[in-house]
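Enquirer: Those sequence lines, one after another, are chains V and A.
Take the first sequence: its letter number 130 is residue 130 in our numbering, and every next letter is one higher.
Basically our numbering = 1-based index in the second sequence + 289.
Keep in mind the hints are simulated off the structure, nothing from the lab.
Incorrect hints may appear among the rest.
[Claimed, not checked] Ranges of calculated distance between the beta carbons of each label pair, as one might list FRET restraints:
{"no.": "1", "chain 1": "A", "residue 1": "G331", "chain 2": "V", "residue 2": "E142", "range": "33 to 39 Å"}
{"no.": "2", "chain 1": "V", "residue 1": "Q19", "chain 2": "A", "residue 2": "A443", "range": "35 to 41 Å"}
{"no.": "3", "chain 1": "A", "residue 1": "T372", "chain 2": "V", "residue 2": "S152", "range": "46 to 52 Å"}
{"no.": "4", "chain 1": "A", "residue 1": "E432", "chain 2": "V", "residue 2": "G126", "range": "49 to 55 Å"}
{"no.": "5", "chain 1": "A", "residue 1": "G331", "chain 2": "V", "residue 2": "A47", "range": "53 to 59 Å"}
{"no.": "6", "chain 1": "A", "residue 1": "R330", "chain 2": "V", "residue 2": "G183", "range": "25 to 31 Å"}
[Unchecked claim] In silico SDA-like cross-links for lysine to any residue, where the CA-CA straight-line distance does not exceed 25 Å:
{"no.": "7", "chain 1": "V", "residue 1": "K182", "chain 2": "A", "residue 2": "R363"}
{"no.": "8", "chain 1": "V", "residue 1": "K182", "chain 2": "A", "residue 2": "K295"}
{"no.": "9", "chain 1": "A", "residue 1": "K471", "chain 2": "V", "residue 2": "R74"}
{"no.": "10", "chain 1": "A", "residue 1": "K295", "chain 2": "A", "residue 2": "R363"}
{"no.": "11", "chain 1": "V", "residue 1": "K182", "chain 2": "A", "residue 2": "R339"}
{"no.": "12", "chain 1": "V", "residue 1": "K182", "chain 2": "A", "residue 2": "K532"}
{"no.": "13", "chain 1": "V", "residue 1": "K182", "chain 2": "A", "residue 2": "K471"}
{"no.": "14", "chain 1": "V", "residue 1": "K243", "chain 2": "A", "residue 2": "R460"}
{"no.": "15", "chain 1": "V", "residue 1": "K6", "chain 2": "V", "residue 2": "P34"}
{"no.": "16", "chain 1": "V", "residue 1": "K182", "chain 2": "A", "residue 2": "G482"}
{"no.": "17", "chain 1": "V", "residue 1": "K57", "chain 2": "V", "residue 2": "P34"}
{"no.": "18", "chain 1": "A", "residue 1": "K532", "chain 2": "V", "residue 2": "K57"}
Positions of the beta carbon are idealized from the N, C-alpha and C atoms, including for glycine.
Number of protein chains: 2
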Amino acid sequence: MQEKEKIKGPLGIIAGGGQLPCVVAEAAEARGLPLHIVGIRGEASPAIERFPHTWIKWGEFGKLFGALNDNACRDLVIIGGVTRPDPSNIRLDLGALKNLPFLLTLGKGGDDHVLSNVVRFFEKKGYRVHGAGDVVPELLVEEGVLGKIAPSAADRADIELAFTVVDALGRLDVGQAAVVIKGYVVAVEAAEGTDAMLDRCAALRVSGRTRGQGRTGVLVKMPKPGQEERVDLPTIGPETIKKASAAGLAGVAVAAGRVLMAERGATIEAANQNGLFLFGQDLTAESDR
Amino acid sequence: MQEKEKIKGPLGIIAGGGQLPCVVAEAAEARGLPLHIVGIRGEASPAIERFPHTWIKWGEFGKLFGALNDNACRDLVIIGGVTRPDPSNIRLDLGALKNLPFLLTLGKGGDDHVLSNVVRFFEKKGYRVHGAGDVVPELLVEEGVLGKIAPSAADRADIELAFTVVDALGRLDVGQAAVVIKGYVVAVEAAEGTDAMLDRCAALRVSGRTRGQGRTGVLVKMPKPGQEERVDLPTIGPETIKKASAAGLAGVAVAAGRVLMAERGATIEAANQNGLFLFGQDLTAESDR
Chain V
1 MQEKEKIKGP
11 LGIIAGGGQL
21 PCVVAEAAEA
31 RGLPLHIVGI
41 RGEASPAIER
51 FPHTWIKWGE
61 FGKLFGALND
71 NACRDLVIIG
81 GVTRPDPSNI
91 RLDLGALKNL
101 PFLLTLGKGG
111 DDHVLSNVVR
121 FFEKKGYRVH
131 GAGDVVPELL
141 VEEGVLGKIA
151 PSAADRADIE
161 LAFTVVDALG
171 RLDVGQAAVV
181 IKGYVVAVEA
191 AEGTDAMLDR
201 CAALRVSGRT
211 RGQGRTGVLV
221 KMPKPGQEER
231 VDLPTIGPET
241 IKKASAAGLA
251 GVAVAAGRVL
261 MAERGATIEA
271 ANQNGLFLFG
281 QDLTAESDR
Chain A
290 MQEKEKIKGP
300 LGIIAGGGQL
310 PCVVAEAAEA
320 RGLPLHIVGI
330 RGEASPAIER
340 FPHTWIKWGE
350 FGKLFGALND
360 NACRDLVIIG
370 GVTRPDPSNI
380 RLDLGALKNL
390 PFLLTLGKGG
400 DDHVLSNVVR
410 FFEKKGYRVH
420 GAGDVVPELL
430 VEEGVLGKIA
440 PSAADRADIE
450 LAFTVVDALG
460 RLDVGQAAVV
470 IKGYVVAVEA
480 AEGTDAMLDR
490 CAALRVSGRT
500 RGQGRTGVLV
510 KMPKPGQEER
520 VDLPTIGPET
530 IKKASAAGLA
540 GVAVAAGRVL
550 MAERGATIEA
560 ANQNGLFLFG
570 QDLTAESDR
């Protein structure tokens with residue numbers, strides 16, 4: 001588990017894509033925390049501009065640290081999706097050259113290796129890196145049934161198997177999600193992402209290669225065991241539910257407290273409207289799964 | 290490992306799709322073994338008709354056992370792909386009704402569970418079930434470099450990681466294949482099959498979501514640990530090589546002696562022409578991986 005340090009000073013938010021950076025910023029504002037967003041151009045949404053902000057390009061380390069220092073940000077949240085940068089879009093400034101050994105570590109290994117390096121890099125420079133859930137606990141999916149529908153006993157068995165599969169893969173730094181239908185592991189996520197995996201399940205269902213009539217099976221998401229949970233928690237949203245519905249699944253289950261839900265209301269509403277369950281499973285009891 | 294019993298009597302070949310049933314029949318003929326093919330209609334190729342044969346529909350157990358008994362076949366090879374049968378195509382005869390408890394086991398669990406049940410079913414009736422590789426050892430991919438190109442040190446590292454991933458998944462009765470590119474697990478096979486997984490890798494490569502310029506990365510195939518290797522060995526062929534090539538991979542590695550290659554010459558030729566390595570890895574040294 002990540003440490004739960006008290007955040008005192010101005011909060012620096014290093015923003016990739018999606019709505020999460022603004023959600024974190026709003027929560028910080030609501031708590032009276034001063035903040036400054038550093039948005040990565042081409043990744044972060046223009047919506048960050050309603051908060052104090054600085055835009056940087058990939059590789060502009062000097063500008064990044066300048067913005068954090070000018071605003072006295074020692075506490076950081078690094079949040080939002082990033083694509084693997086296109087080399088032609090990277091602009092290396094003097095700060096980048098100073099940090100070249102770090103940059104060279106980024107090209108190797110799986111995602112988790114890269115993200116752990118990112119966190120260590122900021123920590124070595126004296127920053128405190130927090131998870132989005134430390135600033136906005138309500139972003140994390142809580143334990144239990146979230147919508148109107150509860151998983152059946154058969155669903156619970158599929159959930160259990162899917163968590164076992166994702167856990168085994170996660171130990172090898174692969175994926176964060178799997179789909180199980182009636183005891184049959186239909187799909188396992190690697191580089192393609194959850195949405196693409198769900199599209200594939202929908203296609204398999206149409207072609208008759210997965211069993212079961214009506215809504216059956218589950219999508220499960222959880223972080224990799226031992227992964228750097230401060231910068232890369234799995235996320236779900238209304239789109240996840242809609243794609244799970246299109247794949248004919250009965251519902252979605254995630255590791256309670258360890259998966260982010262950016263649009264809480266809309267996500268639960270999508271589950272209810274499509275007749276899917278949405279469930280937060282407490283995995284802490286199973287200690288070191 | 291499967292037992293290597295000496296095959297004495299007439300050989301019964303229960304034939305699904307593809308070329309393998311005829312390859313096995315030819316090899317049996319070459320060894321002077323009498324044989325009889327029982328072809329599953331809609332699955333087996335009409336090419337089986339050049340051998341002594343009987344056609345059955347899914348579910349015609351009485352006719353199946355009749356054909357085997359009339360031809361004194363106590364040694365069986367069950368070979369060739371089958372689709373999950375369309376219920377409207379199943380014709381249950383009296384033999385099927387007698388074997389109803391067995392039939393009811395087929396709808397549940399993963400592939401391996403189903404296939405183990407199939408083998409046990411025939412064994413209980415006194416048949417000896419052999420792997421295709423027992424009859425035609427040259428069908429199995431041998432150890433070492435098969436074509437003109439050898440895997441590099443970097444390829445060997447990717448191969449090692451991919452075997453580790455497939456092994457971990459296989460223990461959960463999931464998939465038989467994975468793709469690793471420069472230490473990054475790009476795709477893991479579940480219900481979609483190897484061809485669909487390779488198509489996905491090609492798409493990820495085009496979209497720039499996998500790293501590496503030029504040919505990099507490997508496809509690895511191996512049986513699941515503990516799987517019933519007499520009826521369901523993984524297979525590769527020229528099409529596998531072509532799809533691996535389209536995905537930009539450097540080569541294909543399989544568990545030596547435990548993966549079938551139906552079209553040996555054409556498969557090696559496809560590897561050479563496309564500039565891919567084709568490698569049989571000896572996994573026995575790693576005993577109980």
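Enquirer: Would you mind marking each hint as holding or not holding in the structure?
Expert: Comparing the hints with the structure gives:
no., hint, result
1, A:G331 with V:E142: 33 to 39 Å, "50 Å, violated"
2, V:Q19 with A:A443: 35 to 41 Å, "39 Å, holds"
3, A:T372 with V:S152: 46 to 52 Å, "29 Å, violated"
4, A:E432 with V:G126: 49 to 55 Å, "54 Å, holds"
5, A:G331 with V:A47: 53 to 59 Å, "56 Å, holds"
6, A:R330 with V:G183: 25 to 31 Å, "29 Å, holds"
7, V:K182 with A:R363, "35 Å, violated"
8, V:K182 with A:K295, "40 Å, violated"
9, A:K471 with V:R74, "35 Å, violated"
10, A:K295 with A:R363, "12 Å, holds"
11, V:K182 with A:R339, "41 Å, violated"
12, V:K182 with A:K532, "31 Å, violated"
13, V:K182 with A:K471, "35 Å, violated"
14, V:K243 with A:R460, "29 Å, violated"
15, V:K6 with V:P34, "14 Å, holds"
16, V:K182 with A:G482, "19 Å, holds"
17, V:K57 with V:P34, "24 Å, holds"
18, A:K532 with V:K57, "37 Å, violated"
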